[in-house]
Amino acid sequence: MIDYEVLHNDVVSVLRPKGDPVGYKLFAERVEGLPYFKGTFALCQVIKQVAILGKVLAVNVDNVDACVIGTYVLGFKELPEDFIERWVVERKMNESVVKQLVAGIHAFEMGRYKSALFAPLKHYKTLNIDPDGVVLVVNSTQAYIVLAGFFDSTGIKPLSDFNGHAACELVVPPLKGRSPWLTVPCGGARALAEAQDDELWIGIKPEDLRKTVDRLKAVGMKYPLTAYQMLVTQPNPAHPLTHLISRKRVTG
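Heads up: the sequence shown at position 3 corresponds to 3 in the numbering used here, and the numbers run straight through without jumps.
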């Protein structure tokens, strides 16, 4: 069994991500004792609140429906009947393209799950349950480290497909055999979850994350990368900056 507190700390130490690794667990029913919050947020907001603020949040059909794509992705509720029409009118998209957008969203089977828990990964040690997946909020270099570490430990090429929409779908593929999964935050995530310009999201199974981190630790690969050639190279005499900073005027 994975020690999730140790894995959490290893991820923070090796990757130094923007926030905590976010573990998530899906449930077939509402679970008594979990912190279901009042009000309603988008799923992307829930993920980022856990990552950045360290919150422990339980969601159901009522409190994670601020963006209907989130409840659709989790299999809690179908999209509104006029969803396609709204996108055709408001975003001036071709109806067939919007239909392709909806058809391409990675989502759990409708009604399979009724609630979910999102919490910092280390919290699952206290709960004594295994999360289904983990979301990492990273920059491109950190993403490279994760994906390279995973491949080097398994020989399996990581997967990705995205179209600029429905970034919260990344919670689904890892549970369907496609782990790790890389995506780019969508417009909603940038507007509501404050996703930044350098931000990428990775969904990954806990056991795959453990393999990845073990590999990275074994070879001493971590963030920031230490493979900087210029850091250990003397200034290039042909570069204009060298002429400005050298003790003597550089010519030629």
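Think of the hints as simulated: they come from the structure by calculation, not from any bench. Note that beta-carbon positions come from the ideal geometry of N, C-alpha and C, so glycine has one too. Among the hints, erroneous ones may be present.
Said to hold, decoys possible - Restraint ranges, calculated between C-beta atoms of paired labels, are given here: (1) 103 / 177: 16 to 26 Å; (2) 225 / 28: 39 to 49 Å; (3) 207 / 27: 16 to 26 Å; (4) 28 / 105: 18 to 28 Å; (5) 214 / 95: 40 to 50 Å; (6) 95 / 236: 52 to 62 Å; (7) 30 / 78: 18 to 28 Å.
Consistency of the hints with the structure:
Checked against the hint of 16 to 26 Å, the pair residue 103 and residue 177 passes, with Cβ atoms roughly 20 Å apart. The hint said 39 to 49 Å for the Cβ distance between residue 225 and residue 28, and at roughly 42 Å that hint holds. Evaluation of the 16 to 26 Å hint for residue 207 and residue 27 yields a pass: the beta carbon distance comes to about 20 Å. The hinted window of 18 to 28 Å between residue 28 and residue 105 holds, with their beta carbons roughly 21 Å apart.
The supplied range of 40 to 50 Å is met by residue 214 and residue 95, whose beta-carbon atoms lie about 48 Å from each other. As the Cβ distance of residue 95 to residue 236 is approximately 56 Å, the hint placing it in 52 to 62 Å holds. Judged by the Cβ atoms, the range 18 to 28 Å given for residue 30 and residue 78 holds: they are separated by roughly 19 Å.
When each numbered hint is compared with the structure, no violation occurs for any of them.
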